[in-house]
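Chemist: Given the sequences, and given the hints that come with them, work out the whole structure.
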Amino acid sequence: MKKTGIVVLAAVLFVMAVTQPMSAFAATQQVHDNHQTLQVRYDGVVARVDFMSGVISDTASLVPQASANLNSHINILNSDLNTLNAYAAASNSTDFNSFIRDTLSPDMEASNEALKADAAHFKAWGVTKETREQLRMDYSNRKAAYQDAMSQETLALGTAKLAAYNSDINAINVQIANWSAKGIDTTGMKNVVNGAGSSVVAPLQSAVSAGDVNATREPLRSTCLYNGAPYSYHMAAKMDTERLKALTGKISANATAAGYGNQIANINTQLASAQDQLNQIGASPYTGDQRTSLFDTLKDASLELKTIIREMNATYAG
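In this text, residue positions in the sequence shown follow our numbering: the first is 350, and each later residue adds one.
Because the hints were derived from the structure by calculation, they are not lab data. This one's a predicted model, so the numbers in the text were calculated from it and none came from an experiment. Treat the hints loosely; a few may be bogus.
Unchecked claim - Pairs of lysine-lysine residues, derived as DSBU-like cross-links and limited to a Cα-Cα distance of at most 30 Å, are as follows: (1) K492 x K472; (2) K648 x K531; (3) K531 x K655; (4) K478 x K465; (5) K655 x K539; (6) K478 x K492; (7) K492 x K531; (8) K648 x K539.
Said to hold, decoys possible - FRET-style restraints, in silico, Cβ to Cβ: (9) A512 x A439: 15 to 25 Å; (10) E660 x A621: 18 to 28 Å; (11) S489 x I425: 57 to 67 Å; (12) Y488 x A417: 14 to 24 Å; (13) Y488 x L430: 37 to 47 Å; (14) L430 x G598: 49 to 59 Å; (15) T664 x R570: 33 to 43 Å; (16) N427 x A493: 20 to 30 Å; (17) Y488 x G546: 36 to 46 Å; (18) N431 x Q501: 19 to 29 Å; (19) A621 x G546: 24 to 34 Å; (20) H470 x L430: 47 to 57 Å; (21) A438 x N515: 15 to 25 Å.
Heads up, the beta-carbon is just placed ideally off N, CA and C, and yes, glycines get one too.
Modeler: Here it is as structure tokens:
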């Protein structure tokens, strides 16, 4: 039995040594996801700013009284784009999103309010009917170009999201294949991957493949592989849970025979708790301390499992 234990535990320990926990893996992959998708989102913001700046430039060009007031808004928006581009290049989604919400969106609104305020003075400034018509035509042309750009941005974002999702899933499938070859039951892990495919990836893939902008916009808005959308699949937590179940199941008999039965039972209790938490969360985004509680539970189970494996291998080696 000891010889079998040495082989089994050494194999499992090797697997754990070369494979990150899913939570850490997901964090790494989400940086990759951000690098792809943030650039596409940045391009979309550029289209919005270009539309606003173009309307401002048209007004400033055709209405001289407005130029001094309006051109300053273009400078502000261009400065905002430089800052946002830096966040996109650094894959910094937190600051990217915060900057849009707290700075760029208010600056866009201020620009729009400035346009409206100047328009209210057109009569007093003697702006001719022909000039107003020209401004309406310019606006209509810019709006059409902007809407086309946003349609392309939606499809590009869908494509980028799919690339990131498939990259994550392909890496997990490699892990599953490696673990299966070592005799570890990966059924639960496969179920997580299959659920991700049917719930998140397939609807987006279908819409993007059809080139359907509206159909693509919906899953981009409403679903995600990890956390944050109205339908959040929580693949990181689900995969962590299934990985730990698989490893615990692999060493359970040998660990119990070696006197670690209570620790194995405790790990199983922790994993059952994690599963209960996942069931309660369902497909909703994390609220309150749900994320912290869930991953703390998984971390405790992982640390205890690693301790058992380390101690048993030390015993066998001795």
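Chemist: Work down the list of hints and note, for each, if the structure agrees.
Modeler: Verification of the hints:
For the proposed pair K492 and K472, the alpha carbon gap of about 24 Å is at most 30 Å, so the pair holds. Only pairs whose Cα atoms come within 30 Å are accepted, and K648 paired with K531 is accepted, the gap being roughly 24 Å. Taken as a hint, the K531 and K655 pair is honoured in the structure, with Cα atoms around 18 Å apart against an allowance of 30 Å. Taking the CA atoms of K478 and K465, the gap is near 17 Å; set against the 30 Å cutoff, the hint holds.
Distance restraint check for K655 and K539: the Cα-Cα separation of roughly 23 Å lies within the 30 Å cut-off, and the hinted pair is therefore satisfied. The straight-line distance between the Cα atoms of K478 and K492 is roughly 21 Å, inside the 30 Å bound, and the hint therefore holds. Distance restraint check for K492 and K531: the Cα-Cα separation of roughly 59 Å exceeds the 30 Å cut-off, and the hinted pair is therefore not satisfied. The straight-line distance between the Cα atoms of K648 and K539 is roughly 21 Å, inside the 30 Å bound, and the hint therefore holds.
Between A512 and A439 the beta carbon distance is about 19 Å. The supplied range of 15 to 25 Å therefore holds. The hinted window of 18 to 28 Å between E660 and A621 holds, with their beta carbons roughly 23 Å apart. For the pair S489 and I425, the beta carbons lie near 25 Å from each other, so the given range of 57 to 67 Å is not met. For Y488 and A417, the hinted distance range of 14 to 24 Å is satisfied, since their beta carbons lie about 21 Å from each other.
For Y488 and L430, the Cβ-Cβ distance of about 21 Å falls outside the hinted range of 37 to 47 Å, so the restraint is violated. Checked against the hint of 49 to 59 Å, the C-beta distance between L430 and G598 comes to roughly 52 Å, which is consistent with it. Separated by about 54 Å at the C-beta atoms, T664 and R570 break the suggested range of 33 to 43 Å. The supplied range of 20 to 30 Å is met by N427 and A493, whose beta-carbon atoms lie about 23 Å from each other.
Between Y488 and G546 the C-beta distance comes to about 44 Å, which sits within the given range of 36 to 46 Å. The given range of 19 to 29 Å is respected by N431 and Q501, whose C-beta atoms sit roughly 23 Å from each other. Distance hint check for A621 and G546: the Cβ-Cβ separation is about 26 Å, which falls inside the suggested range of 24 to 34 Å. Restraint check, H470 to L430: a C-beta distance of roughly 28 Å breaks the suggested window 47 to 57 Å.
Our hint of 15 to 25 Å for A438 and N515 holds, since their Cβ atoms are close to 23 Å apart.
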